[in-house]
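Protein sequences, first through last, are from chains C and P. Residues in the first sequence are numbered consecutively from 114, following my numbering. Residues in the second sequence are numbered consecutively from 114, following my numbering.
Quick caveat, the hints were computed from the structure, so don't treat them as lab data. Check before you lean on any hint, since a few could be wrong.
[To be verified] Here are some chain P residues pointing at chain C (derived, C-beta under 8 Å):
id, residue
1, 136
2, 157
3, 159
4, 225
5, 346
6, 368
7, 371
8, 384
9, 387
10, 398
11, 400
12, 447
13, 448
14, 450
Ideal Cβ positions, reconstructed from N, Cα and C, are used throughout, including at glycine.
Protein chains: 2
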Amino acid sequence: MEKPSLPKGTRDFGPQTMARRNFILQSIRSVFQKFGFQPLETPAMENLSTLTGKYGDEGDQLLFKILDSGDFLKNVDATKLETRNSKLVANDISEKGLRYDLTVPFARYVVMNRHEITLPFKRYQIQPVWRADRPQKGRYREFYQCDADVVGTDSIICEAEIILMIKEVMALLRIADYTIKINHRGVLNGIAETMNATGKEADLFVAIDKLEKIGEENVRKELSEKGFTTQQQDKLFELLKTPGSPEQKLNTLLNAFATSASGKKGIDDLKTAFDLLGHYQSSSDHVDFDVALARGLSYYTGCIFEVKINNVAIGSVSGGGRYDNLTQAFGSKEKLSGVGISFGIDRIYDAMDELNLFPVEANASSKVLICHFDDNTLQHGLALLTALRQKGISSEVYPEVSKLKKQLDYANKKSIPFTIVIGEEELKTEVFAVKNMTTGEQQKWSTEQIIQHLA
Amino acid sequence: MEKPSLPKGTRDFGPQTMARRNFILQSIRSVFQKFGFQPLETPAMENLSTLTGKYGDEGDQLLFKILDSGDFLKNVDATKLETRNSKLVANDISEKGLRYDLTVPFARYVVMNRHEITLPFKRYQIQPVWRADRPQKGRYREFYQCDADVVGTDSIICEAEIILMIKEVMALLRIADYTIKINHRGVLNGIAETMNATGKEADLFVAIDKLEKIGEENVRKELSEKGFTTQQQDKLFELLKTPGSPEQKLNTLLNAFATSASGKKGIDDLKTAFDLLGHYQSSSDHVDFDVALARGLSYYTGCIFEVKINNVAIGSVSGGGRYDNLTQAFGSKEKLSGVGISFGIDRIYDAMDELNLFPVEANASSKVLICHFDDNTLQHGLALLTALRQKGISSEVYPEVSKLKKQLDYANKKSIPFTIVIGEEELKTEVFAVKNMTTGEQQKWSTEQIIQHLA
């Protein structure tokens, strides 16, 4: 029989990894909830009519399609089948696909439940998504997304709260050195207008987006190829390099954008966001107004965010922004503006691992293993086990009569931090030897003392 | 544009449903962890070679298959394609399928990671599974399974702990009236031997399994059709109707099984399980030795369990049992015996809903909404908001300047239990009007008092 294997680009998460992933997910979830976001889950499968055309041609190629059940070939046109055109035939034998992200299912949910939803609607969603991408280091075919969005309000309070949520998540994860980059699509449009490049925004923003990766010289080269003059490029880099604190940069650019309405709107929104942080009694520590932040050609229309953990060679761990119209792709006439943030838990995991930030508690094991020598001590151990569990102490007994060494090995391999050995002597005195498996330290405690120390 | 819809048999879970589902899942998860089970997650997609042949022909038909990416028709044999035999072609254009249950992926994981796993291995797994079943009331194409298994030990301690776990889960869910039915495959084999029906176990157990549903008369009819004599049937019902407490039934059957080794083994294991409950200081309340419990033609070989919530018209909400060899289907020579339990959260949800058992806390909303009248009171509300959140009180502010009625409506629709209205007067006195949205009661509290009452 062939050895079983995993589909490429997919992973099992064993106990240790799960405990750490749950630590990250639980931290994010608790912050989302504290800020009034409510959970939503949508099915793994969506109709292809829901998914197709929402992610561009490239995205459509990366959708995992589900073969229709039953006799799927029955109604396929014979001549179509003869063409052997996979794309053409796919539409006839597959009507469902796996979720590619959480935004389109969210928009679909809002359209389908518009009348039951109270606006502004604050939802979070933590679920896996699937992409038929070429697997490589850090890129998987199944991975979790953790999204929070508010739709149905233009209030910049939502942007301020996204910054506050990022800060709380980072604090819970004990990540101290990070930067929240913030910019605004209006600022980018203002730059385009100020350098007389209206109509060429797409080329411009794509080039700006690469600045950090490829440097000024290469960006200039690309811009020249796209027909931007040296004068335009000089203007661009003058604006991108605006010096000073966020406040100073905002003031400088406000002057530079004297004739750009969208530039001024962008600066206004950002100023409001920074002001609001103050009203929340929060500082602008960690927050950097980064004029060069563009976030690709995404659908954002207002503020945009990106979070980078400093001193690790890992891309951004979180990103998001404001969009104009969540449900546009479903033909909805009502303009639902919103703003969202997404955390990338695989990257956060890798960064925390590199920085050695996982707390000892991020361990999925019991706290206590009860060891014994024979049926009698085992049976008496069960009463102690019950007493510990009643106090909420996760604990277990080695289920078989075995050599003590084997039982202690089990505790070590499972990283169970405490063992209690029950022998005949212990049964008489009702005082038990509790061993700290990390330090090797041993204490003689009564049941009450054990509970007191370990609960 | 067509209105978006959900694939049939799938569901969205909105905030209210999610909160309740999370209450159930979190209760189950906390019990699994307290008993030393560790989390595992496997990918949604498995190779079809992993899944096929594990669930019988009917199961194979219900697997959702994933269309291979790219030009999937390229290498399909032309004559095969011409046959239009969907089953034949499916194998050539699809190599992956969606997980059908959690047991086969668990077995696959154990085989692939055998050398890193410490036995006995206690894992729990809470993930969705997918079946291309005909959707009907209470049966979905995507649903969660919550499984816990111990493999690598024959110890009946594991069976006793499954009973204890079920009891703790039911207590956390506040389900008071339920029955844990327990039986043993050995007992069923003992019945077959005692009624001289060896070799006809399959027909016999299938018929016994239907007893509760169709009654004695119909079971007798079915048995007659399958060639069981009246004498055999009388013997069967004499054994099935053994009267008395679990202990009395066990003793009666032990005598009846004088010549059946597997019957005696079954009774022995069950006696041990009941004895162990005593050592755990737990009673056998809720536990019923049900000689007629068969759990279909499943792969169980030892104790079997089933949990029924009484006085609701909903099938069993949990089931499980002991099996001989987890990894047999993957050609593993090592016999890994184990025992597992699975909770059906959709049925638990329906039962709790019917019995009105969801606690008020199973609500995914913020605890507090801060309401205001203008930009000034809104801005000052943000400081209070921060103070509440710092104490872990999940809270939010209405993000726009709006009529108070609209803000209170928002709180009502989201089931937010408390509102705090901030006006100019409140800013001066620093005493706020806190309204209990359920009772309508209003209190005048300082920030400290608010925290004291709501934290």
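Going through the hints against the structure:
no., hint, result
1, 136, "11 Å, violated"
2, 157, "6 Å, holds"
3, 159, "7 Å, holds"
4, 225, "6 Å, holds"
5, 346, "40 Å, violated"
6, 368, "26 Å, violated"
7, 371, "26 Å, violated"
8, 384, "14 Å, violated"
9, 387, "13 Å, violated"
10, 398, "15 Å, violated"
11, 400, "16 Å, violated"
12, 447, "14 Å, violated"
13, 448, "15 Å, violated"
14, 450, "12 Å, violated"
Violated hints for the displayed structure, listed by number in ascending order: 1, 5, 6, 7, 8, 9, 10, 11, 12, 13, 14.
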